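Protein chains: 2
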Amino acid sequence: MNSDKDISRKDFVKTAAMTGLGLSMAPFSILKNRDKGKIRIGFIGVGGRGTSHVKGLAERADVTIPALCDIRKENAENAKRIVVSAGLEEPDLYTRGEKDYLRMLERDDLDGVIIAAPWLWHVPMAVATMKSGKYAAVEVPAATTLDGCWDLVEASESSGMPCMLMENSCYRPRVLAVLNMVRQGIFGELVHARCGYFHDLVSNDVLIDSKGNFGEGTGGESNWRTQHHINRNGDLYPTHGIGPVAHWLDINRGNRFETITSSATMARGLHEAIVERGGAGHPNASIDFQKGDVVTSTIKTANGQSIIVTHNTTLPRPKTMGYLCQGTKGIWQVLNDSFNEEESIPSIYIEDMSPNEHWEPFGPYLEKYESKLIKKHKKDAANAGHGGDDFYIRNAFVESVKRQVTPPIDVYDAAAWSAITPLSEESISKGGHPIEFPDFTDGKWMTNENIFRPEEGF
Amino acid sequence: MNSDKDISRKDFVKTAAMTGLGLSMAPFSILKNRDKGKIRIGFIGVGGRGTSHVKGLAERADVTIPALCDIRKENAENAKRIVVSAGLEEPDLYTRGEKDYLRMLERDDLDGVIIAAPWLWHVPMAVATMKSGKYAAVEVPAATTLDGCWDLVEASESSGMPCMLMENSCYRPRVLAVLNMVRQGIFGELVHARCGYFHDLVSNDVLIDSKGNFGEGTGGESNWRTQHHINRNGDLYPTHGIGPVAHWLDINRGNRFETITSSATMARGLHEAIVERGGAGHPNASIDFQKGDVVTSTIKTANGQSIIVTHNTTLPRPKTMGYLCQGTKGIWQVLNDSFNEEESIPSIYIEDMSPNEHWEPFGPYLEKYESKLIKKHKKDAANAGHGGDDFYIRNAFVESVKRQVTPPIDVYDAAAWSAITPLSEESISKGGHPIEFPDFTDGKWMTNENIFRPEEGF
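Going down the list, the sequences are from chains A and B.
For the first sequence, our numbering begins at 1 and goes up steadily by one.
For the second sequence, our numbering begins at 1 and goes up steadily by one.
Don't read these hints as lab results, they were simulated from the structure.
Since we're looking at a predicted model, the values are computed, not measured.
All C-beta atoms, glycine included, are put in the ideal place defined by N, C-alpha and C.
One or more hints might be untrue.
Derived coverage of chain A by chain B (criterion: at least 3 residues anywhere in the stretch with Cβ under 8 Å from a Cβ of chain B; other residues may be distant) [to be verified]:
(1) 105-115
(2) 140-150
(3) 163-173
(4) 191-201
(5) 238-249
Result set (DSS-like, lysine-lysine): computed pairs, CA atoms no more than 30 Å apart in a straight line [as the list claims (entries may be wrong)]:
(6) B:K329 - B:K372
(7) A:K211 - B:K372
(8) B:K329 - A:K319
Now the in silico label distances, taken between C-beta atoms and shown as ranges [to be verified]:
(9) A:E436 - B:G185: 24 to 32 Å
(10) A:E258 - B:N223: 35 to 43 Å
(11) A:T447 - B:R183: 51 to 59 Å
(12) A:G133 - B:M353: 51 to 59 Å
(13) A:A86 - B:M353: 18 to 26 Å
(14) A:N356 - B:P283: 25 to 33 Å
(15) A:V275 - B:N223: 38 to 46 Å
(16) B:D288 - A:K375: 24 to 32 Å
(17) A:P364 - B:K131: 26 to 34 Å
(18) B:D288 - A:S286: 38 to 46 Å
(19) A:N231 - B:E436: 43 to 51 Å
Whole structure, please, built from the sequences with the hints as guidance.
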């Protein structure tokens with residue numbers, strides 16, 4: 001933890017308390033000039049991910065989309081067509097370079113902004129959004145450095161505006177059913193969890209194209225994402241895994257991440273794929289990728305649990321988030337899931353419910369403990385991305401803005417979950433040394449109540 | 001690593017070299033006075049585990065059992081009946097207290113000794129066995145301290161007698177098939193592995209009886225094993241998991257364990273079970289168990305791989321060793337296995353062989369890559385313990401003694417695998433600090449060839 005930052009953080013908190021700016025005290029801005037009660041959402045970044053959010057929101061009756069920003073004019077034009085086709089008013093476009101989002105944020109007719117730009121832009125864009133008095137929704141990860149995590153927290157506390165992390169995996173039907181079971185005590189006291197991002201981003205051409213190229217001009221995320229594998233060695237993408245786990249374990253609300261130790265294997269996957277696709281003489285074949293193929297982190301919590309988090313994206317394998325939830329009364333785990341098979345694979349064991357020492361398929365449990373939220377919106381979510389998860393995360397942001405309440409995944413979650421990246425890098429660089437998590441809540445984790453309550457609305 | 005020990009170790013190596021006692025140079029003792037070519041095996045410890053080995057060896061045509069030792073006379077008498085019933089000559093019994101094994105080792109008509117006593121006795125018994133000029137076979141774990149690991153190595157090198165670790169899990173048909181696949185390059189270069197001992201020893205009354213009692217007089221392993229959970233916090237039982245993984249990764253033969261970081265959760269399982277069975281007023285309910293319910297260790301290897309090892313024995317869950325083997329070309333994992341179901345669960349993915357990003361059941365692979373050893377002895381192993389694994393581990397010891405060769409799991413394996421226990425304790429006591437593994441081979445890991453070759457015999 002950066003001690004300079006720590007000191008400035010303390011100064012800030014003192015100042016904030018004196019001026020009455022603490023988040024819990026700050027009244028949210030009053031919505032005004034709404035078009036028939038609709039909320040008004042702007043977008044920064046309408047590439048692949050941002051566009052899917054535009055589509056999703058354009059279908060809603062309670063949202064208008066007055067403004068779109070992207071450095072690529074064709075992206076903005078394409079998103080505009082989607083908005084207009086949905087019968088909404090034509091949005092204004094902001095395409096005058098990489099800082100044009102600041103011009104968009106000068107508008108006073110936006111209630112919230114969804115940010116889906118390359119990772120390194122998330123913090124400055126979210127900070128500027130909050131400082132302009134708008135709800136910020138930021139794609140994952142929220143930040144890639146500890147300073148960035150602190151910047152988000154400080155901007156939210158000083159502006160009184162929330163910053164929601166758009167972590168769609170928190171709304172997977174299975175993890176919500178498990179959350180219900182956890183909160184009903186079915187697993188007893190939780191002791192151990194596992195999660196991660198096990199997704200082959202090489203085979204599916206996310207990190208390199210079919211000829212072994214990446215970077216400027218290759219299109220898609222390989223434009224910028226692959227560079228992180230060259231310069232950094234840590235868990236680059238922790239939030240899909242840790243989000244649901246943090247909810248099961250009440251992180252930031254009665255519990256917190258205390259320490260992390262991380263380990264990285266050698267790096268083989270990207271290099272071998274480049275050679276296979278472009279030959280040993282390909283310019284990219286000489287790159288020394290820093291990012292190990294498998295990064296494993298162990299997080300200890302204040303309440304005594306351990307969480308194993310994995311980043312495994314450059315070797316051939318089927319996709320999973322590798323969730324495991326173990327308590328004093330039972331265990332659920334799925335390491336070989338797919339959207340279609342998961343429910344039939346033996347994956348849950350609950351003492352006194354399951355046959356003795358025998359895994360059961362999760363299907364019947366999913367049915368019994370299914371979230372009310374899922375039941376209510378199954379039809380709405382049917383065509384949303386990522387098996388429907390995207391509907392729920394957008395819905396949570398929209399409903400939070402409509403009610404002017406803190407979103408169910410807030411800036412402290414965004415900071416704590418995203419901090420896994422820089423902390424894992426530090427641990428790996430020190431040979432697996434344990435590194436302490438900053439307490440972004442400044443002690444409020446001890447008394448904060450859970451705000452992620454899908455059973456009570458969204 | 002104990003630096004005093006390190007120094008004495010170096011002195012020893014020097015002395016050994018000067019006197020020509022290095023293991024690689026030492027001629028094995030010549031068998032003499034054999035009963036029709038049979039080898040002669042004695043036993044130290046014939047409780048539950050030792051007795052199953054007596055049964056297994058008594059059935060073989062190439063073994064006699066001249067001597068049995070146990071502190072409990074009834075155990076020795078029972079084992080004697082088994083030997084006699086099998087048509088072998090009546091063995092002599094050694095039951096005069098806990099040091100009577102030394103009297104047994106004075107005999108000159110034993111070729112090897114199988115040791116299956118409480119953990120703390122493994123090292124002194126194995127050392128005395130080797131020093132008496134006999135092959136030692138020791139149950140798992142071989143040692144519980146680093147000093148113990150060194151003692152075994154030094155006794156083997158100075159006596160010229162081997163010490164085999166009786167790790168039966170190395171002979172599970174599935175891990176042998178995976179070993180074949182690894183050695184044939186099907187997984188590409190190995191990058192990551194997982195394993196552990198996930199076995200609820202509370203529900204099955206191994207650690208406490210039905211009334212919440214353990215210790216002297218409760219019978220079975222709770223007599224002595226539960227005490228380790230009171231005084232120690234680490235991975236108490238690593239070898240079932242790490243054995244097969246060590247073979248996949250060529251540990252001690254071209255690769256070695258370099259560092260370990262370990263983490264323990266809170267301890268709940270034993271306490272809660274005691275309260276449930278004996279009430280909150282039960283004397284054992286006030287015990288402060290040091291051993292966390294879930295201990296997770298991350299081992300880094302010299303070749304750049306990581307291995308996640310878990311000890312998870314005091315919470316309700318089905319049993320597994322949790323094997324995972326991942327390379328640059330594919331992955332196999334089974335976390336929800338059982339002897340009957342494992343082959344039908346989606347658990348393997350090999351690039352260019354499996355359907356794109358889709359797990360396959362392991363059954364067809366098991367058939368295709370089945371070990372010749374398993375094919376040959378399927379009938380012999382059918383009634384042996386632990387799904388047949390016990391036949392193969394005993395067979396490996398017997399065949400090694402018959403041929404007077406180093407057993408396929410040798411003293412360096414016994415030391416490196418067992419060292420996980422004390423090293424994990426040290427890491428946990430230091431908040432997850434990385435701890436270095438001693439190099440028990442004194443550098444020979446760089447040139448040693450693989451000796452675990454089930455395809456070539458045993």
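Each hint, compared with the structure:
Coverage of the stretch 105-115 of chain A by chain B is violated [criterion: at least 3 residues with CB-CB distance below 8 Å; count 0]. Against chain B, the stretch 140-150 of chain A contributes 0 residues with a C-beta closer than 8 Å to a partner C-beta. That does not satisfy the three-residue criterion, and the hint is violated. Figure legend: the stretch 163-173 of chain A, annotated as covered by chain B; annotation inconsistent (0 residues with Cβ-Cβ distances under 8 Å, at least 3 required). Here's how the stretch 191-201 of chain A fares: 3 of its residues keep a CB closer than 8 Å to some CB of chain B, so the rule of at least three is met and the hint holds.
For the stretch 238-249 of chain A, the stated coverage by chain B is not satisfied: 0 residues place a CB nearer than 8 Å to a CB of that chain, which falls below the threshold of 3. The straight-line distance between the Cα atoms of K329 of chain B and K372 of chain B is roughly 24 Å, inside the 30 Å bound, and the hint therefore holds. For the hint pairing K211 of chain A with K372 of chain B, the CA-to-CA distance comes to about 42 Å; that exceeds 30 Å, so the pair is violated. Taking the CA atoms of K329 of chain B and K319 of chain A, the gap is near 15 Å; set against the 30 Å cutoff, the hint holds.
Distance hint check for E436 of chain A and G185 of chain B: the Cβ-Cβ separation is about 42 Å, which falls outside the suggested range of 24 to 32 Å. Range check, E258 of chain A to N223 of chain B: about 37 Å between beta-carbon atoms, so the 35 to 43 Å window is met. Checked against the given bound of 51 to 59 Å, the beta carbons of T447 of chain A and R183 of chain B, roughly 57 Å apart, stay inside it. Remark: the range hint 51 to 59 Å for G133 of chain A to M353 of chain B is upheld by a beta-carbon distance near 56 Å.
Distance hint for A86 of chain A and M353 of chain B: a CB-CB separation of about 45 Å, inconsistent with the stated range 18 to 26 Å. At roughly 28 Å, the beta carbons of N356 of chain A and P283 of chain B sit within the given window of 25 to 33 Å. In this structure, V275 of chain A and N223 of chain B break the distance hint of 38 to 46 Å, their C-beta atoms being roughly 58 Å apart. Between D288 of chain B and K375 of chain A the beta carbons are some 45 Å apart, a value that contradicts the proposed interval 24 to 32 Å.
At about 60 Å, the beta-carbon gap between P364 of chain A and K131 of chain B misses the expected band of 26 to 34 Å. The hint said 38 to 46 Å for the Cβ distance between D288 of chain B and S286 of chain A, and at roughly 57 Å that hint is violated. For N231 of chain A paired with E436 of chain B, a C-beta distance near 28 Å fails the hint of 43 to 51 Å.
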